[in-house]
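A.B. asks: The chain contents come next:
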Amino acid sequence: MSEWISLVILIPALPLVGSIVTALVGRRLGERVGLPVIVALVGSSCASIALVVEMVRAMATESAGESSLGFERILTVGSWIAVDARPIGVALRADPLTAVMLTVVSLVSLLVAIYSTGYLRDDPGRPRYFAFIGLFAFSMTMLVSVSNFLLLYLFWEWVGLCSYLLIGYWYQKPSAAAAAKKAFLTTRLGDLGLLIGLFLIWMQFGTFDFHDTLVEGKVVAQGIFGLSRLSAAAPYAGTWMVTTICLLMTWAAMGKSAQFPLHVWLPDAMEGPSPVSALIHAATMVTAGVYLIARSAPLFAASGSAGLVVAVIGAISATGAALVALTQTDMKRVLAYSTISQLGYMFMAVGLASSTGVASGMFHLVTHAFFKALLFLAAGNVLVATGHVLDLRRFGGLRHRLPATCVMFGIGALGLAGLFPLAGFWSKEPILMALSARASQGGPEGAVWLVCYLLAFLMTFVTAFYIARVYFVTFFGPYRMPDESKATKPESCRAMTVPLGVLASATVLIGVALKPTGWFDRFLAQTPTLACLAPEEPFHAGLMVELVGTAVVLAGILLAAFLYLRPNRLLDVLSQMMRRLGLYQLSQGKFFVDELFYALVVGPLLRVAAWSGWFDDRVVDRSADEVGRAAGRLGGLLRLTQNGVVSFYALAMMVGLVALLMVIW
Amino acid sequence: MNPSVELLFHYQLVGALLFGIGVVGFLSRRNQIVLFLSVEMMLQGAAVSLVGWGRYHQDWGGQVLILVSITIAACEAAVGLALILMLEHRRGSLDLALWCRLHEDDLPDAAPDPSEEDLAPPEIDWPRLPTAGLLPETPPEDEYRDHV
Numbered sequence: 001m002s003e004w005i006s007l008v009i010l011i012p013a014l015p016l017v018g019s020i021v022t023a024l025v026g027r028r029l030g031e032r033v034g035l036p037v038i039v040a041l042v043g044s045s046c047a048s049i050a051l052v053v054e055m056v057r058a059m060a061t062e063s064a065g066e067s068s069l070g071f072e073r074i075l076t077v078g079s080w081i082a083v084d085a086r087p088i089g090v091a092l093r094a095d096p097l098t099a100v101m102l103t104v105v106s107l108v109s110l111l112v113a114i115y116s117t118g119y120l121r122d123d124p125g126r127p128r129y130f131a132f133i134g135l136f137a138f139s140m141t142m143l144v145s146v147s148n149f150l151l152l153y154l155f156w157e158w159v160g161l162c163s164y165l166l167i168g169y170w171y172q173k174p175s176a177a178a179a180a181k182k183a184f185l186t187t188r189l190g191d192l193g194l195l196i197g198l199f200l201i202w203m204q205f206g207t208f209d210f211h212d213t214l215v216e217g218k219v220v221a222q223g224i225f226g227l228s229r230l231s232a233a234a235p236y237a238g239t240w241m242v243t244t245i246c247l248l249m250t251w252a253a254m255g256k257s258a259q260f261p262l263h264v265w266l267p268d269a270m271e272g273p274s275p276v277s278a279l280i281h282a283a284t285m286v287t288a289g290v291y292l293i294a295r296s297a298p299l300f301a302a303s304g305s306a307g308l309v310v311a312v313i314g315a316i317s318a319t320g321a322a323l324v325a326l327t328q329t330d331m332k333r334v335l336a337y338s339t340i341s342q343l344g345y346m347f348m349a350v351g352l353a354s355s356t357g358v359a360s361g362m363f364h365l366v367t368h369a370f371f372k373a374l375l376f377l378a379a380g381n382v383l384v385a386t387g388h389v390l391d392l393r394r395f396g397g398l399r400h401r402l403p404a405t406c407v408m409f410g411i412g413a414l415g416l417a418g419l420f421p422l423a424g425f426w427s428k429e430p431i432l433m434a435l436s437a438r439a440s441q442g443g444p445e446g447a448v449w450l451v452c453y454l455l456a457f458l459m460t461f462v463t464a465f466y467i468a469r470v471y472f473v474t475f476f477g478p479y480r481m482p483d484e485s486k487a488t489k490p491e492s493c494r495a496m497t498v499p500l501g502v503l504a505s506a507t508v509l510i511g512v513a514l515k516p517t518g519w520f521d522r523f524l525a526q527t528p529t530l531a532c533l534a535p536e537e538p539f540h541a542g543l544m545v546e547l548v549g550t551a552v553v554l555a556g557i558l559l560a561a562f563l564y565l566r567p568n569r570l571l572d573v574l575s576q577m578m579r580r581l582g583l584y585q586l587s588q589g590k591f592f593v594d595e596l597f598y599a600l601v602v603g604p605l606l607r608v609a610a611w612s613g614w615f616d617d618r619v620v621d622r623s624a625d626e627v628g629r630a631a632g633r634l635g636g637l638l639r640l641t642q643n644g645v646v647s648f649y650a651l652a653m654m655v656g657l658v659a660l661l662m663v664i665w
Numbered sequence: 666m667n668p669s670v671e672l673l674f675h676y677q678l679v680g681a682l683l684f685g686i687g688v689v690g691f692l693s694r695r696n697q698i699v700l701f702l703s704v705e706m707m708l709q710g711a712a713v714s715l716v717g718w719g720r721y722h723q724d725w726g727g728q729v730l731i732l733v734s735i736t737i738a739a740c741e742a743a744v745g746l747a748l749i750l751m752l753e754h755r756r757g758s759l760d761l762a763l764w765c766r767l768h769e770d771d772l773p774d775a776a777p778d779p780s781e782e783d784l785a786p787p788e789i790d791w792p793r794l795p796t797a798g799l800l801p802e803t804p805p806e807d808e809y810r811d812h813v
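Protein chains in written order, with this note's numbering: chain E, 1 to 665; chain Z, 666 to 813.
Source of the hints: derived by calculation from the structure; they are not laboratory data. Predicted, not measured: the structure shown is a model, and the values here were computed from it. Beta carbons: idealized from backbone N, C-alpha and C, even for Gly. Honestly, I wouldn't trust all of these hints.
Stated by the list, open to error - Listed next, with one range per pair, are the computed distances between beta-carbon atoms:
{"#": "1", "chain 1": "Z", "residue 1": "Q728", "chain 2": "E", "residue 2": "W665", "range": "20 to 28 Å"}
{"#": "2", "chain 1": "E", "residue 1": "G632", "chain 2": "Z", "residue 2": "C740", "range": "37 to 45 Å"}
{"#": "3", "chain 1": "Z", "residue 1": "E705", "chain 2": "E", "residue 2": "R622", "range": "52 to 60 Å"}
{"#": "4", "chain 1": "E", "residue 1": "A609", "chain 2": "Z", "residue 2": "A776", "range": "49 to 57 Å"}
{"#": "5", "chain 1": "Z", "residue 1": "C740", "chain 2": "E", "residue 2": "L651", "range": "40 to 48 Å"}
As the list claims (entries may be wrong) - Facing chain Z, from chain E, some residues (calculated, C-beta under 7 Å):
{"#": "6", "residue": "V39"}
{"#": "7", "residue": "G43"}
{"#": "8", "residue": "Q642"}
{"#": "9", "residue": "V646"}
To be verified - Calculated from the model, a selection of chain Z residues having no Cβ within reach of chain E, i.e. all distances over 10 Å:
{"#": "10", "residue": "N667"}
{"#": "11", "residue": "A681"}
{"#": "12", "residue": "L700"}
{"#": "13", "residue": "W725"}
{"#": "14", "residue": "A743"}
{"#": "15", "residue": "L759"}
{"#": "16", "residue": "D774"}
{"#": "17", "residue": "A775"}
{"#": "18", "residue": "P792"}
The following block holds chain Z by itself, in its conformation from the complex (with noise of 0.2 Å):
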């Protein structure tokens, strides 16, 4: 394999590879602050692919492309963190999933209001530390075993 074409290989693998995760925090997490990261990350991966390419053409366009790509991106985080700001304010919330009735009046709902359901954490009886300044409950001696 030609040197140049191995190091574009490489730089499109990683471009990918943060590609690739992006979209998959972008599809799978319901943090509007992680979706968003996932967005800038899939961007980053666009770049290093651009940035792969600039080199394999020995050409600044890519990299050019880059820096163009970086102001849009800091335009879209003022108004991306602005919309969160206002959508966290509005319901209390960054859960996403609260944001499921968005359709017209006469559709149905398709999915689940999560602010409709019983919010209380379900009962799991998780071990406890004991209260500070008392001293815990020992069973009575005569159980004691003999030997430790």
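Same shape as in the complex, but just chain E (with noise of 0.2 Å):
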């Protein structure tokens, strides 16, 4: 049982090594650029698998004698620094909460890798984009395996780099430089809540740290989601102090998964290329905001409140961005919008703070890396097929040109829609089912989480609706290509194709394979922080509700179909009636919430800016300005004496005699 503390230390080494070894030698490298990374990749990933099965293995065996307060190991690397001589440790820690998040996160880095060695075979930066991406993979699976808040906010910080560094790889582009800035600003914006949640930790708990601090096996310092504390009656007093606690840490995770009204950056950050988007802006860094909610479960228990906020906010965000995604011309736009209303599914789950709810946001985590991943890897596809143009009015009916391509954008959409049996239906029918018996409860609360229950309902439909208009509209119909494509080969070579079919093959089984079994729900309720949850009587809405909800997701399909397969009048008078009554504009112009963030935020900020600006120019350099050119003035006063007539310096030597005589005198 020694083997896990290699392990955890192995997944973030082992991509930092690579990432280190890809920036000193890349250039020599030559074709091969992507070794080093995909090998330490190919070892993380490995590592995680291994240590999910030694967890495993060591609850069956610890199962029998200890209580059930689930599974943790921490691992204290060193000591950082020490505050009131109270240290802040170097602690990772293994837990199925954490294993899962490291297995995500090292296997999709690892496909996206593979991938991006044919998607940018070309591309001159590449070293650059190799050790960028180790970076990635080192920061995140460092911030799901720290056991500390204040490395969690450092490596929170790390993946924010790290994200704007890849969202800005094409830094010549303006747009793309433009993007990363906004990116990087906006998750900063979040972020601060996120420091002064820290802050108000350390006041409350005074300490960082997640685990307990053993001496001997005796408690010598409560963590904050210590066994200790967990297995109190009580463990978190001071219930207002909670809840503003877990509103900074919502505020932290709205801006780094993207959530209303936080959300601007991501469809912007499309301008990066697609394995940056499918790696960081659709299956890890994103979901970070939701992981640190997960984590964070038993405060959000606590406070209540907080995690209907949670929900609601990701309520609105699941309906906006589905809403928007219906009208979108870019491509990948589509996929980001939905990729910020999945990440709403998952804060409607995980902000029911109840074990299953976070158990079903976590699943939802997880599937949703796969066809997530596997829909903006096959988009990388088609973009290289129509030399990177993105609107889908320019191109269409590429299901001859792009077969296998086809194949797997139309697995991962089914994915996404949720249809029976793919990945999607698995982890999206628990969300809806914890939200409507946390609806049927009762209550004023209950009210609002029939809402969200009743929106996250309605949205199944309009997910399957967009992503099947974006298929339809991509594959089917006439074929069209831009003048662009020229130059482009028929399919991608097989370094692009083979982690597309290893992602959709994973969306076809995880599902079935993880949740029907109970298996998933059973290891990750052993992490410590869920199993303190209350428990709740299972409850199973029966067959209607997964019947009803299959039904509504292939009435979408359909409707896309029967609209867009083939040129349809009836879309035109539908779409026609909708620009009518304003909707058509409102949905595409995003709710407008950019111009919005301009009105309110940068309108100000910049005339701000104007003034201090004036300020600094007229009066701050004005006046170091004149202070200098008065010493300028009083030398020149001087300098008339320099007239150059050498008969005025013999004078002004006997003049000066005469005056130092008359002194000494």
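Got two chains here, each in a separate frame; can you build the complex from them with the hints?
C.D. replies: Spelled out as structure tokens, the structure:
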């Protein structure tokens, strides 16, 4: 049982080493520039899976003896700093929640890195790209495995930095540079919440550690999520303080996970390469917010109302983003809004702060990582074929040109739509179920939960419709290609299709393999932070919900097929009607959130900046200049004596001599 | 007055006169060599003064100092005359007033540059000697006076 120590160290360390090697000798590797990072990620993936296996084995042997507060292992690597004699240690943890995140992150990173070798085959900046990918994998694995809020914050910023660097990978493109800046600033705005939250955590708990500090088996310092605290009857006192901390964390999670109103950076982040969108902006980094809330679930459970706020924000994001995705014409933007929408589902689920809610949210996180990465990578194939044209209106009928991609995108789309028996079905239905269970408890909060549930349910229809729309418009209908596609090859190389195949089989299989067997829920429930939550009686609304859900999804897909498979007059009539109602413009304009931000935040800030610029120029700089100029003017007076006439110098000499003599006298 | 003090006074008087003449010459003349001579004269004035003081104190120090200063004056003469020679080569004249543009470019000119003015001598009807070999012009005889 000591293997886990090397495993939890290897998982983050390998990508870091790969990244450093790539940064140092990447230029010499030529065609094989991706090799160090890919090898490192293969190692990380194997280590993650080994960690899960190891953990399952350990749980099986342990469950007989110990109490049921779950499974965790803490590896204290060292001490970082000490504040008021309270040390802040560098500790890695191994528990089911971390293990799930590690597995998803390392697997998707590996597949995306392999795909990138094909996608960026001729790009001159590849060493930089792979170094950043390795750095990102390191930061993300550290983010989910550290056992300390301060280190979590540190790596929270690291992944933000990696996101910035990779969005701006094509930094020569002004739009990419602007998108990178926007993403960084917007997420920083959110991160401010986490920072303030950290202060409050320090005030409230006096530590940043999740775990208890043990000396010779006795607890010397209670961690925030330490076993000793979690096993107490009422672990968190001072509810309003806990609520404030939770709300600040929610704010941070909204920034990172692109929830309304801090979602504006994610659609723009699509300026980065497609594999980056797949890895960072769909599968891993944007789920950090969900992970944070899932990790802090006991706090949210103690606060009560904070979870409701999370769910409401999730519902707004899920609904708004799905509606915006209906009319966007940029292929990757549709997928970006879809990501926001799906993250909204996860927020609703973890906002429940119950064991079933968090488990369903985390499972949706896992399945979403796979099918959304699949969709983004398939979209990358389409972009390669069309010569990097994104506009859905300019291409169509690609099913003969890209047969493999057509199948893969279809599987991903069905996974996203949540059709039985693909992954999305197995992860979305439990969320709906958990929401309806909470809504049925009644009360004033129950009404809000009911609205969330209804919106989530309706949006499954919209989700199925918009993703089917993209699929049909891209791959079916009359063949159409933009002029930019002249030089492209018919189907992408193997490095780009094999990862797609792996992701597609994952999309088909993981739902069936992990959910109906209950394996995932049982495994995740062993996390101490989730095991402490009050147990709920299993709620099952019956087969009706699942049947109706499937019917709704099918209806969405069929409606899209009816409208988009071949030119349809009804479509024109519908869109005309929507245009006249103004709904179309509202969706096309993304509910004008960007404009709202500009009017409320950016515009006033620019005005303040202009004022302070004026003040700096006219007052601060001017006074400094004037002091300098005064010295010059004084010097100018003395310069007049250097008038260049030799006789004058002789006279001055004599006058000086006389003056000197008089002084001496 | 004590005789030795009187003697000292005379020495100092002569030294001060020499020095004063040197100063006046230094300030009022334009020829660089004359200027140089004026400086030498000031030096000699100082030397005389030193001799007087040495004598007054019954001490050789003053005269030793003069020997040193003569050495320095020799060096000064070597450097100074070489400098004057170079200046003369540059402008073709020893006139110090020609060197009045040594200031920085952006300062105004403090004195007129003689080289820029018309150097032609003013027209004055000086009396002239008659041209050799010719008879001087004489007035007609009928205008001669009767008596001289």
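A.B. asks: Taking the hints in turn, state whether each one holds.
C.D. replies: Hint by hint, here is what the structure shows:
no.	hint	verdict
1	Q728(Z) <-> W665(E): 20 to 28 Å	holds, 26 Å
2	G632(E) <-> C740(Z): 37 to 45 Å	holds, 40 Å
3	E705(Z) <-> R622(E): 52 to 60 Å	holds, 57 Å
4	A609(E) <-> A776(Z): 49 to 57 Å	holds, 56 Å
5	C740(Z) <-> L651(E): 40 to 48 Å	violated, 25 Å
6	V39	violated, 70 Å
7	G43	violated, 72 Å
8	Q642	holds, 6 Å
9	V646	holds, 5 Å
10	N667	holds, 23 Å
11	A681	holds, 12 Å
12	L700	violated, 8 Å
13	W725	holds, 26 Å
14	A743	holds, 20 Å
15	L759	holds, 12 Å
16	D774	violated, 8 Å
17	A775	violated, 4 Å
18	P792	holds, 35 Å
The structure is inconsistent with the numbered hints 5, 6, 7, 12, 16 and 17, although it conforms to all the rest.
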